[in-house]
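Q: Whole structure, please, built from the sequences with the hints as guidance.
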Amino acid sequence: AQSVTQLGSHVSVSEGALVLLRCNYSSSVPPYLFWYVQYPNQGLQLLLKYTSAATLVKGINGFEAEFKKSETSFHLTKPSAHMSDAAEYFCAVSEGQGGKLIFGQGTELSVKP
Amino acid sequence: ETGVTQTPRHLVMGMTNKKSLKCEQHLGHNAMYWYKQSAKKPLELMFVYNFKEQTENNSVPSRFSPECPNSSHLFLHLHTLQPEDSALYLCASSQEAGGGPDTQYFGPGTRLTVL
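Chains as they are written, first to last, in the numbering used here: chain A, 25 to 137; chain B, 444 to 558.
No lab work stands behind these hints: they were computed from the structure.
No residue lacks a Cβ here, since even glycine has one placed at the ideal position from N, Cα and C.
Each hint should be verified, as a subset may be incorrect.
Some, not all, of what chain A presents toward chain B, calculated at C-beta under 7 Å [as the list claims (entries may be wrong)]:
| hint | residue |
| --- | --- |
| 1 | Gln66 |
| 2 | Leu68 |
| 3 | Thr75 |
| 4 | Phe127 |
Derived DSS-like pairs (lysine-lysine); straight-line CA-CA distance at most 30 Å [stated by the list, open to error]:
| hint | chain 1 | residue 1 | chain 2 | residue 2 |
| --- | --- | --- | --- | --- |
| 5 | A | Lys93 | A | Lys124 |
| 6 | B | Lys462 | A | Lys124 |
| 7 | B | Lys483 | B | Lys462 |
| 8 | A | Lys124 | A | Lys92 |
| 9 | B | Lys483 | A | Lys124 |
| 10 | A | Lys93 | B | Lys483 |
| 11 | B | Lys465 | A | Lys124 |
| 12 | A | Lys93 | B | Lys484 |
| 13 | A | Lys124 | B | Lys484 |
| 14 | A | Lys136 | B | Lys484 |
| 15 | B | Lys483 | A | Lys92 |
| 16 | B | Lys483 | A | Lys82 |
| 17 | A | Lys73 | B | Lys479 |
| 18 | A | Lys73 | B | Lys465 |
| 19 | A | Lys93 | A | Lys73 |
| 20 | A | Lys92 | B | Lys484 |
| 21 | A | Lys73 | B | Lys483 |
| 22 | A | Lys82 | B | Lys462 |
| 23 | A | Lys136 | B | Lys483 |
| 24 | B | Lys479 | A | Lys124 |
| 25 | B | Lys484 | A | Lys73 |
| 26 | B | Lys479 | B | Lys461 |
| 27 | B | Lys461 | A | Lys124 |
Covered stretches of chain B (in silico footprint by chain A; criterion: 3 or more residues with CB under 8 Å from a CB of chain A, positions within the stretch not fixed) [claimed, not checked]:
| hint | segment |
| --- | --- |
| 28 | 477-486 |
| 29 | 548-557 |
A: What follows is the structure, given as structure tokens:
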């Protein structure tokens, strides 16, 4: 069965600092991987997804993620944090059949002025 | 309106009440989903509908009853709920329920409080 682990339920960075949110997955088949963001009182919005093309995926709002098969990781990064990046971030893996997305527990990102 | 909409955005109900949540998608998708989001827990998939047919019921208690009259509308009928059912209920849609690289688009959710 597929699974996702997000390391760190809460990450705090200063404005302008690098953002690194960690995601490791487990899958017996080539995975499809997603990062979603959830702002307070809103639903989830897709940031980016990996679909077996380029291993470095660029998303919205300056975020990117790199698929590393050898490390079973799909970490999310942004070179310079903005206050508006404060939100909860979810990594997810697609099971491939039946439309199931398996989500990690989420990482709350705080950005300090 | 565009995207996925949900009504109401907030709902407070007693344990003996009956209420319904509504979801509508304007994306021309064929699959719709209900998720439950509780504090400190991963999102839990509840139901999947593909071309109006239920394809997944993730061991959800019968006090939650979904209805999908067409590919654009999804309802979640609630009755005799428990306080532990208080959560954010999210609706999502995708082109089809085939998984893979297909993106799911989420609505803003209904914040449910059961007293």
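Q: So, for every hint listed, does it hold in this structure?
A: Here is what the structure says about each hint:
Of the supplied interface hints, the one on glutamine 66 of chain A holds, with its beta-carbon coming within about 5 Å of a beta-carbon of chain B, less than 7 Å. Taking 7 Å as the C-beta contact cut-off toward chain B, the hint placing leucine 68 of chain A at the interface holds, the least distance being around 4 Å. Taking 7 Å as the C-beta cut-off, the interface hint given for threonine 75 of chain A holds, the closest approach to chain B being about 4 Å. Proximity of phenylalanine 127 of chain A to chain B holds as hinted, the smallest CB-CB distance being about 4 Å (cut-off 7 Å).
With a CA separation close to 21 Å, the supplied pair lysine 93 of chain A and lysine 124 of chain A stays within the 30 Å bound. Between the alpha carbons of lysine 462 of chain B and lysine 124 of chain A the distance comes to roughly 27 Å, so the proposed pair stays at or under 30 Å and holds. Distance hint between lysine 483 of chain B and lysine 462 of chain B is fulfilled; the C-alpha atoms sit about 26 Å from each other, no more than 30 Å. Of the supplied pair hints, the one linking lysine 124 of chain A and lysine 92 of chain A holds, its CA atoms being roughly 22 Å apart against a limit of 30 Å.
At roughly 20 Å between alpha-carbon atoms, lysine 483 of chain B and lysine 124 of chain A fall within 30 Å of each other, so this suggested pair holds. Restraint check for lysine 93 of chain A and lysine 483 of chain B: the C-alpha separation of about 28 Å stays at or below 30 Å, so the hint holds. Taking the CA atoms of lysine 465 of chain B and lysine 124 of chain A, the gap is near 21 Å; set against the 30 Å cutoff, the hint holds. Distance restraint check for lysine 93 of chain A and lysine 484 of chain B: the Cα-Cα separation of roughly 27 Å lies within the 30 Å cut-off, and the hinted pair is therefore satisfied.
Simply put, lysine 124 of chain A and lysine 484 of chain B have alpha-carbon atoms about 17 Å apart, close enough for the 30 Å limit, and the pair holds. For a cut-off of 30 Å, the pair hint linking lysine 136 of chain A to lysine 484 of chain B stands: about 25 Å separates their Cα positions. With a C-alpha separation of about 28 Å, the suggested pairing of lysine 483 of chain B with lysine 92 of chain A holds against the 30 Å cut-off. Of the pairs offered as hints, the one joining lysine 483 of chain B and lysine 82 of chain A holds, with about 28 Å between alpha carbons and a cut-off of 30 Å not exceeded.
A threshold of 30 Å between alpha carbons decides the hint, and for lysine 73 of chain A with lysine 479 of chain B the separation of about 22 Å falls inside it, so the pair holds. In summary, the hint linking lysine 73 of chain A to lysine 465 of chain B is supported, as the alpha carbons are separated by about 28 Å, within the 30 Å threshold. This hinted pair checks out: lysine 93 of chain A and lysine 73 of chain A have alpha carbons roughly 15 Å apart, not beyond 30 Å. For the hint pairing lysine 92 of chain A with lysine 484 of chain B, the CA-to-CA distance comes to about 26 Å; that is within 30 Å, so the pair holds.
Taking the CA atoms of lysine 73 of chain A and lysine 483 of chain B, the gap is about 24 Å. The hint holds against a cut of 30 Å. Taken as a hint, the lysine 82 of chain A and lysine 462 of chain B pair is broken in the structure, with Cα atoms around 42 Å apart against an allowance of 30 Å. As the CA atoms of lysine 136 of chain A and lysine 483 of chain B are separated by approximately 23 Å, the hinted pair is consistent with the 30 Å bound. Between lysine 479 of chain B and lysine 124 of chain A, the direct Cα distance comes to roughly 14 Å. Compliance with the 30 Å bound is thereby established for this hinted pair.
The suggested pairing of lysine 484 of chain B with lysine 73 of chain A holds, with an alpha-carbon distance near 22 Å, which does not exceed 30 Å. Restraint check: the Cα-Cα separation between lysine 479 of chain B and lysine 461 of chain B comes to about 18 Å, which is no more than 30 Å; the hinted pair holds. Taking the CA atoms of lysine 461 of chain B and lysine 124 of chain A, the gap is about 29 Å. The hint holds against a cut of 30 Å. Given as covered by chain A, the segment 477-486 of chain B passes the check, having 4 residues with a CB less than 8 Å from a CB of that chain where 3 are the minimum.
Against chain A, the segment 548-557 of chain B contributes 6 residues with a C-beta closer than 8 Å to a partner C-beta. That satisfies the three-residue criterion, and the hint holds.
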